[in-house]
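Peer 1: Spelled out, the chains give:
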Amino acid sequence: MSRKIGKAVNEFNQQMKPVSLWADAWKRLRKNKMALISLWVVGFYALVALTAPLLPFLDYRTQVIEHSNLPPSFRPAGQLVIQKLEAQKALIEDRINNDGMTSLQSDLDQTNADLQFAKDHVNDPVNHKVYIFGTDSLGRDMLAKTIYGARISMMVGLIGTLTAVLVGILIGAISGYIGGWLDNILMRFVDIMYGLPYMLIVIILMAMFRKEGQSSIFILFIGIALVSWLTVARVVRGQIISLKNSEFVEAARSMGASPGRIIFRHLLPNTLGVIIVFTSLSLPSFIMNESFLSFLGMGVSAPLSSWGSLVSEGANTMELYPWQLLAPAIEMTLFLFFMNFLGDGLRDALDPQSKNRT
Amino acid sequence: MSRYIIRRFLSLIPTIFIIITLSFFLIRFAPGGPFSSEKNVPEQVLQNLMKKYHMDEPMGKQYLRYLGQVLRGDLGPSFRYRDSTVNELIGDSLPVSMELGTVALFLATLAGIGVGIISALKQNHWQDYTVMSIAVVGISIPLFVVGPVLQLLFAMKLHWLPLSGWITGRNGFAAIIMPALTLSFPYFAYIARLSRASLLEILRSDYVRTARAKGLAERTVIGKHVLKGGLLPVVSYLGPAFSGIITGSIVIESVFAIPGVGRIFVQSALNRDYTLIMGEVIVYSLILVVMNFAVDIIYGFLDPRISYN
Chain A
3 MSRKIGKAVN EFNQQMKPVS LWADAWKRLR KNKMALISLW VVGFYALVAL TAPLLPFLDY
63 RTQVIEHSNL PPSFRPAGQL VIQKLEAQKA LIEDRINNDG MTSLQSDLDQ TNADLQFAKD
123 HVNDPVNHKV YIFGTDSLGR DMLAKTIYGA RISMMVGLIG TLTAVLVGIL IGAISGYIGG
183 WLDNILMRFV DIMYGLPYML IVIILMAMFR KEGQSSIFIL FIGIALVSWL TVARVVRGQI
243 ISLKNSEFVE AARSMGASPG RIIFRHLLPN TLGVIIVFTS LSLPSFIMNE SFLSFLGMGV
303 SAPLSSWGSL VSEGANTMEL YPWQLLAPAI EMTLFLFFMN FLGDGLRDAL DPQSKNRT
Chain B
63 MSRYIIRRFL SLIPTIFIII TLSFFLIRFA PGGPFSSEKN VPEQVLQNLM KKYHMDEPMG
123 KQYLRYLGQV LRGDLGPSFR YRDSTVNELI GDSLPVSMEL GTVALFLATL AGIGVGIISA
183 LKQNHWQDYT VMSIAVVGIS IPLFVVGPVL QLLFAMKLHW LPLSGWITGR NGFAAIIMPA
243 LTLSFPYFAY IARLSRASLL EILRSDYVRT ARAKGLAERT VIGKHVLKGG LLPVVSYLGP
303 AFSGIITGSI VIESVFAIPG VGRIFVQSAL NRDYTLIMGE VIVYSLILVV MNFAVDIIYG
363 FLDPRISYN
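Which chain is which? The protein sequence lines are A and B, in order. Quick note: the first sequence uses my numbering, first residue 3, plus one each step. Quick note: the second sequence uses my numbering, first residue 63, plus one each step.
These are calculated hints, taken from the structure and not from any lab test. Any given hint might turn out to be false.
Taking lysine to any residue pairs in the SDA-like style, the calculated list, with each CA pair at most 25 angstroms apart, reads [claimed, not checked]: (1) Lys219(B) - Ser75(A); (2) Lys131(A) - Glu88(A); (3) Lys286(B) - Gln189(B); (4) Lys219(B) - Ile332(A); (5) Lys123(B) - Leu84(B); (6) Lys86(A) - Ser195(B); (7) Lys35(A) - Leu84(B); (8) Lys33(A) - Val198(B); (9) Lys35(A) - Val199(B); (10) Lys184(B) - Asn34(A); (11) Lys114(B) - Met210(A); (12) Lys29(A) - Ser195(B); (13) Lys35(A) - Asp190(B); (14) Lys35(A) - Ala259(B); (15) Lys29(A) - Leu52(A); (16) Lys246(A) - Thr281(A); (17) Lys219(B) - Val43(A).
Here are the computed distance ranges between Cβ atoms for each label pair [unchecked claim]: (18) Leu172(A) - Ala319(B): 43 to 49 angstroms; (19) Asn318(A) - Gln131(B): 37 to 43 angstroms; (20) Phe220(A) - Ala356(B): 36 to 42 angstroms; (21) Ser195(B) - Gly181(A): 43 to 49 angstroms; (22) Gly277(B) - Ile194(A): 47 to 53 angstroms; (23) Ile161(A) - Lys113(B): 49 to 55 angstroms; (24) Thr53(A) - Arg281(B): 56 to 62 angstroms; (25) Arg97(A) - Leu348(B): 55 to 61 angstroms; (26) Gln65(A) - Ala356(B): 50 to 56 angstroms; (27) Arg70(B) - Ile161(A): 32 to 38 angstroms; (28) Asn318(A) - Ile80(B): 35 to 41 angstroms; (29) Lys219(B) - Leu57(A): 52 to 58 angstroms; (30) Trp188(B) - Gly181(A): 49 to 55 angstroms.
Reference excerpt, derived from the structure (chain A facing chain B, CB under 7 angstroms, subset only) [unchecked claim]: (31) Glu321; (32) Ala331; (33) Phe339.
From the three backbone atoms N, C-alpha and C, an ideal C-beta is built for every residue, glycine too.
This is chain A alone, in the form it adopts within the complex (with noise of 0.2 angstroms):
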């Protein structure tokens, strides 16, 4: 049997290409259309978060006094504020006439009066601009205002992911690698950990040391922090359990390599697999968790402003102008469905065994 060295071969002792994990997981993502939707749709909000300061978007923190509370709209501000004061005029109109109630007349007054000024002023720059989301109370813009929440909240999402990933790979790295009795205590603090009431623990942290008007980010993301890493420090430490004492690890140690090279050179990269579709599958829980505080009140503060925020902002007007809910909510569940659909994807690509588990 002749064998070229470093070749691989099928098992018809056939050269070919080979295929490493990354490509093979790519070849079986792209398959699965869903996820390559989702990527796409996940990518476009992160290139649009990232880049909103570059792009032609109005400014969120402009206010517009005479564009408040304006629906979703094509149609330039000025016309929308003439529409909605005829409508107005003929809504008193209407009560005057036939309900007798003539206490209404310098409403009336004052409503033909703000029509005039709108008629005048309607070729004025301000009244060309389009809001496609509608208006808040103050006249912003709500486009602009959901895209710098997502801002925020992807932001909070990426740096909750990141802390839980790096603390519970080192965490979980020294537990699995060193064992014994170190293990045992870690491990126990893990399962003691996980039956906290976290949310509860986090809802005091933020409630009694954030300060008012102050930034609060800082809070937010040592709450979550706080237990994040729990789940990430089991998987890495069950991995390198079960590679610890592998063929490779051992050929690696025989020639001198350090614990250190053995941990980050040959079992962390094994493990890379789980702790992407960690990543991918924990975002979404993290931006979930901070609009939770935010919409009780705690999260983020003003003048910044996350999706939680904003729906929270939403829901008390939601009766008069319901676009200021459901475009934050729209916006905010769509990411989170497609970042589940592509964490569901990246799974079944990188572990194609665990396909249809949940």
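Could you slot chain B onto chain A? The hints should help.
Peer 2: Positioned in the frame of chain A, the structure of chain B alone reads:
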């Protein structure tokens, strides 16, 4: 088995002890105190208040005093609601939250298992795809989005259900529908995915093939053989699901203005009502820990393959 139960039960004690200790010191080291937001309180009055609630003692002594109290089942007086004790406040609100949580968990389990069975039996048919897409939506969509959107639709536009609030007694049914549905949605979705996956695995297993080969009716195969093994993972998920529902109900209670424990919890954390926060944390973690314990035990009874010795 009984030895396992006892050992497992004893291991609950350190967990609860750690939770109490951790939250006690976390709360005490936070800046500000329960009386710091009162306006124009003379120094002497403040000192008397501190004295009355033993806040002037060293931290360690306060901690031991509190532990002793808790062991006797007394969670102390509320610092903010001066005329009630923490026991009374929790006693009033806990039944409300428990009712909401139980109804939600019941709905989630029932609907989730049903949907899971359908989509596992109809794998890769349109029923499966539809249901599983809904399930991913269920996992992706936050509770506080579902709640207000349902309110907008069913209370404000259609006027079918009350917008918010809580009614005790027989008429409470209409008021509980929306919050319970909202709360159960993500757990319904997760249980559906979970039961689908494990049923699919069982459907391909050898003993199911044997059951079919010996000519059993499909009904019997599914009902007697597949469901028994396939629903075990759902049982073990009930523990975490219940804890999620407890946290989730904090948001639901504030969206729907329900006077449960969750609403008091957020308020007490903002007010720095030390004893009330502690009381709530203890109650919550007791529920959690006991629930997980119960699920572990039930699992052992249901799955004969597990041995505890």
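Peer 1: Indicate, hint by hint, whether the structure satisfies it.
Peer 2: Now the hints, each set against the structure:
Of the pairs offered as hints, the one joining lysine 219(B) and serine 75(A) holds, with about 22 angstroms between alpha carbons and a cut-off of 25 angstroms not exceeded. With a CA separation close to 20 angstroms, the supplied pair lysine 131(A) and glutamate 88(A) stays within the 25 angstroms bound. A threshold of 25 angstroms between alpha carbons decides the hint, and for lysine 286(B) with glutamine 189(B) the separation of about 23 angstroms falls inside it, so the pair holds. For a cut-off of 25 angstroms, the pair hint linking lysine 219(B) to isoleucine 332(A) stands: about 19 angstroms separates their Cα positions.
Between lysine 123(B) and leucine 84(B) the CA atoms are separated by roughly 16 angstroms; this keeps the pair inside 25 angstroms, and the hint holds. The straight-line distance between the Cα atoms of lysine 86(A) and serine 195(B) is roughly 39 angstroms, outside the 25 angstroms bound, and the hint therefore fails. The hinted pair formed by lysine 35(A) and leucine 84(B) fails the criterion: a straight-line CA distance of about 47 angstroms is larger than 25 angstroms. This hinted pair checks out: lysine 33(A) and valine 198(B) have alpha carbons roughly 20 angstroms apart, not beyond 25 angstroms.
Under the criterion of a C-alpha separation no larger than 25 angstroms, the hint pairing lysine 35(A) with valine 199(B) is consistent with the structure, at around 18 angstroms. The straight-line distance between the Cα atoms of lysine 184(B) and asparagine 34(A) is roughly 20 angstroms, inside the 25 angstroms bound, and the hint therefore holds. A C-alpha spacing of about 23 angstroms is found between lysine 114(B) and methionine 210(A), which places the hinted pair at or below 25 angstroms, so the restraint holds. Straight-line distance between C-alpha atoms of lysine 29(A) and serine 195(B) comes to about 23 angstroms, which keeps the hinted pair within the 25 angstroms bound.
Distance hint between lysine 35(A) and aspartate 190(B) is fulfilled; the C-alpha atoms sit about 17 angstroms from each other, no more than 25 angstroms. Restraint check for lysine 35(A) and alanine 259(B): the C-alpha separation of about 20 angstroms stays at or below 25 angstroms, so the hint holds. Our distance criterion of 25 angstroms between C-alpha atoms is broken by lysine 29(A) and leucine 52(A), whose separation comes to about 28 angstroms. Restraint check: the Cα-Cα separation between lysine 246(A) and threonine 281(A) comes to about 24 angstroms, which is no more than 25 angstroms; the hinted pair holds.
Annotation: proposed proximity of lysine 219(B) to valine 43(A) is violated, straight-line Cα distance about 32 angstroms (limit 25 angstroms). Checked against the given bound of 43 to 49 angstroms, the beta carbons of leucine 172(A) and alanine 319(B), roughly 45 angstroms apart, stay inside it. Against the hinted window of 37 to 43 angstroms, the Cβ-Cβ separation of asparagine 318(A) and glutamine 131(B) comes to about 40 angstroms, which satisfies the hint. At about 38 angstroms, the CB distance of phenylalanine 220(A) to alanine 356(B) agrees with the hint of 36 to 42 angstroms.
At roughly 44 angstroms, the beta-carbon separation of serine 195(B) and glycine 181(A) lies within the given 43 to 49 angstroms, and the hint holds. For glycine 277(B) and isoleucine 194(A), the Cβ-Cβ distance of about 52 angstroms falls inside the hinted range of 47 to 53 angstroms, so the restraint holds. At about 44 angstroms, the CB distance of isoleucine 161(A) to lysine 113(B) disagrees with the hint of 49 to 55 angstroms. The hint said 56 to 62 angstroms for the Cβ distance between threonine 53(A) and arginine 281(B), and at roughly 58 angstroms that hint holds.
Between arginine 97(A) and leucine 348(B) the C-beta distance comes to about 58 angstroms, which sits within the given range of 55 to 61 angstroms. Taken as a hint, the range 50 to 56 angstroms holds for the pair glutamine 65(A) and alanine 356(B), whose Cβ atoms sit roughly 54 angstroms apart. Range check, arginine 70(B) to isoleucine 161(A): Cβ separation about 37 angstroms, and the 32 to 38 angstroms hint holds. For the pair asparagine 318(A) and isoleucine 80(B), the supplied restraint of 35 to 41 angstroms holds, since their beta-carbon distance comes to about 39 angstroms.
The beta-carbon spacing between lysine 219(B) and leucine 57(A), approximately 35 angstroms, falls outside the hinted interval of 52 to 58 angstroms. At roughly 50 angstroms, the beta carbons of tryptophan 188(B) and glycine 181(A) sit within the given window of 49 to 55 angstroms. Against a cut-off of 7 angstroms between C-beta atoms, the interface hint on glutamate 321(A) holds, since the closest Cβ of chain B lies about 5 angstroms away. For alanine 331(A), the shortest C-beta to C-beta distance to chain B is roughly 4 angstroms, which falls under 7 angstroms, so the interface hint holds.
Interface restraint check: phenylalanine 339(A) against chain B, minimum CB-CB distance 4 angstroms, threshold 7 angstroms, status holds.
In the structure shown, a violation is registered for the earlier hints numbered 6, 7, 15, 17, 23 and 29, in ascending order.
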